[in-house]
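Could you put together the complete structure from these sequences and hints?
There are 2 protein chains.
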Amino acid sequence: EFLPLGPVLFIDTAGVDDDGDLGMLRVRKTRQVLDRTELGVLVTEAGAWGRFEEELLLELQRRRVPVVVVFNKVDVEVPDPERLAWLAGHKIRHVETAAAHGLGLDQFRQALLDLAPADFINSPAIVGDLVGPGELALLVVPIDKEAPKGRLILPQVQAIRDLLDHDAYCLVVKEHQLRRALDRLKSPPRLVVTDSQAFEQVAAETPRSVPLTSFSILMSRFKGDLAAQVEGALAIDSLRPGDRVLVAESCSHHPIGEDIGRVKIPRWLNTRVGGEVRFDHVQGHDFPADLSRYRLVIHCGACMFNRREMLTRILRCQQAGVPVTNYGLAIAFSLGILERALEPFPAVLAAVRNPPGGGSAQPRPLLPTRTYAPQDHAAVAGLAV
Amino acid sequence: EFLPLGPVLFIDTAGVDDDGDLGMLRVRKTRQVLDRTELGVLVTEAGAWGRFEEELLLELQRRRVPVVVVFNKVDVEVPDPERLAWLAGHKIRHVETAAAHGLGLDQFRQALLDLAPADFINSPAIVGDLVGPGELALLVVPIDKEAPKGRLILPQVQAIRDLLDHDAYCLVVKEHQLRRALDRLKSPPRLVVTDSQAFEQVAAETPRSVPLTSFSILMSRFKGDLAAQVEGALAIDSLRPGDRVLVAESCSHHPIGEDIGRVKIPRWLNTRVGGEVRFDHVQGHDFPADLSRYRLVIHCGACMFNRREMLTRILRCQQAGVPVTNYGLAIAFSLGILERALEPFPAVLAAVRNPPGGGSAQPRPLLPTRTYAPQDHAAVAGLAV
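Chains as they are written, first to last, in the working numbering: chain Z, 109 to 493; chain F, 109 to 493.
Bear in mind the hints are in silico, worked out from the structure with no lab data behind them.
Certain hints may be false.
Any copy, or any two copies together, can satisfy a pair, since identical chains are not distinguished.
Claimed, not checked - Listed next, the in silico EDC-like pairs over lysine to aspartate or glutamate satisfying Cα-Cα at most 20 Å (straight line): (1) Lys372 <-> Glu254; (2) Lys257 <-> Glu384; (3) Lys294 <-> Glu313; (4) Lys253 <-> Asp291; (5) Lys282 <-> Glu254; (6) Lys372 <-> Asp388; (7) Lys257 <-> Asp237.
Structural data, given as structure tokens:
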């Protein structure tokens, strides 16, 4: 499991530049590895560069396999300009790290994020994996003034489709019909999903034994990074009056009266913080270059973005040391219902119940919290020499 | 009930040009009628035109009420050019009819269709009125190659939303999960709606006591004219090899392998007819000026059109004497399942079971078959002097 790619098979190759009979065998093995490599990572050091490194990179390019060169131990020695010019001339990306000191890892993550094929980036499921074939989910869909005329919002449609794609089926109800719908069933649904704004009522009417979550949590897992964005929600409690918060929305709809990003979330947050927080708003593909002035970024569910774009934003927040969450997670936290909504995701829930302690000073783990079952992703062959 | 407007309150005014005390009272009554008039129809004859007609029209224009002037009995006397010039100068539309001989009625219908406010044209419901508050519909949504990636097609989304808007709720299932979903319910759904292509399987698995219909029938009622388009489906049996059929699609998607309009429907129709029918295809807002060469028009569900545009096409087919139906109705008829699918619409079903007999030579009734309950439409005040 390697952020942001999910489960990755790293193949530490035997060394393609060995001499002798044993070396020849190893070289052949390495060539075989290339046949199943989908993203190449060549880890080397400034001093350890030769004909074999260059041939391997050219071989990967011939195979149209994306590759990134990692110069590690740059605290000891930096790569010489001639090498870098050669890489630039061949349009091969490189990053410089000092892994032992935790330097350059975000740049390495960003390179993986940029280079990985779309299949690796895109999540395997929205909700169907939590329900399973032949099983039933109940979706609570309030119809408020922001609902598009005559239709449903995209995350709701995507959730229904994802359930069908997983051979599951679903009940779609307004919050006022929830009890009636539950009463009509011989056995309870496998999962209830609600709009975050109706969470309190839905939680009260859903039997305690039925797992309950929100569309925003599903969207965070699907389009973002659930563990990171839950951590961002927890940061709400360290906000103080006067702090700046960025509210970012991926679609550029015209805000209306009770707009969730401009009215409801600021109101809830000010109540929670006990004073006026200063909110900035951005829409669409605008995203500030300098995030350092913000104490928190609250993003929409990003249903109009692809996951690569959303993960890039999360990574940029992390690089700037700014917690990032999404609308529904912020609402759930403010309403005190985050824990119940995370029960379908035990690993993330455990992190909420036992926070690492040190807050933002704590080093971020290289391995993120698992939110999909391992079998959901095809194994990915990486490459390190 | 007046095509294409639905239930209309026609107010035959007492005459605004009477003299004397009784006349004054009548004039005041007529003015009051204008206060609740939403579409004016001034029926007159070539010889019966005066200052009052002109004042009434100008009064309606001041009130921004759309109006059409009907010169009736044009078989006796035609309106003089000066009158027509005055109307044209004031941008007032007129039609010429000889109602006793059935002349000009389609032009009158078209004028009503063009002038009526959108509220009159748009149907009050897709499916929610058939299910009712607190009740359950089951929607069967097969996922085939033509389903848009990760989403649902618009009629399915619109149906779900319409049910929620009517305080109903719904089960959404693939055809393979239908039996399992039905088994999970303590009481059967009030209605089952299926994609036409899965109708046979769904009909076999749905208890005979549960009403069953198709999305295409709902769309015909919502965006078109169900009675007229069912009549069009019945015309399939009068097709012969070599006849020309127009297949019209409102969206301009790129046709794929098993395209319903280009592959499946032609295949079914050729089988039914027992020989090669010649198919022409149009997409988007293209629609041939000359329809007379066609023996049948098969239209998509028109989810991308507004109802005014679809009703205009139906009227144009009727003016050309060409039957018109939609995809799902054609499929349902070809599969022999049309009658069961029409059971939720008893008046239309009766017309199928007892066809008027004379075929296309039969005069079309001015009052179309009712497909919405009367209380669904606000009463509409028309005006005739």
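Hints and how they fare:
no.	hint	verdict
1	Lys372 <-> Glu254	within (12 Å within a copy, 39 Å between copies)
2	Lys257 <-> Glu384	neither (34 Å within a copy, 43 Å between copies)
3	Lys294 <-> Glu313	both (17 Å within a copy, 19 Å between copies)
4	Lys253 <-> Asp291	neither (28 Å within a copy, 36 Å between copies)
5	Lys282 <-> Glu254	within (15 Å within a copy, 29 Å between copies)
6	Lys372 <-> Asp388	within (14 Å within a copy, 53 Å between copies)
7	Lys257 <-> Asp237	between (30 Å within a copy, 18 Å between copies)
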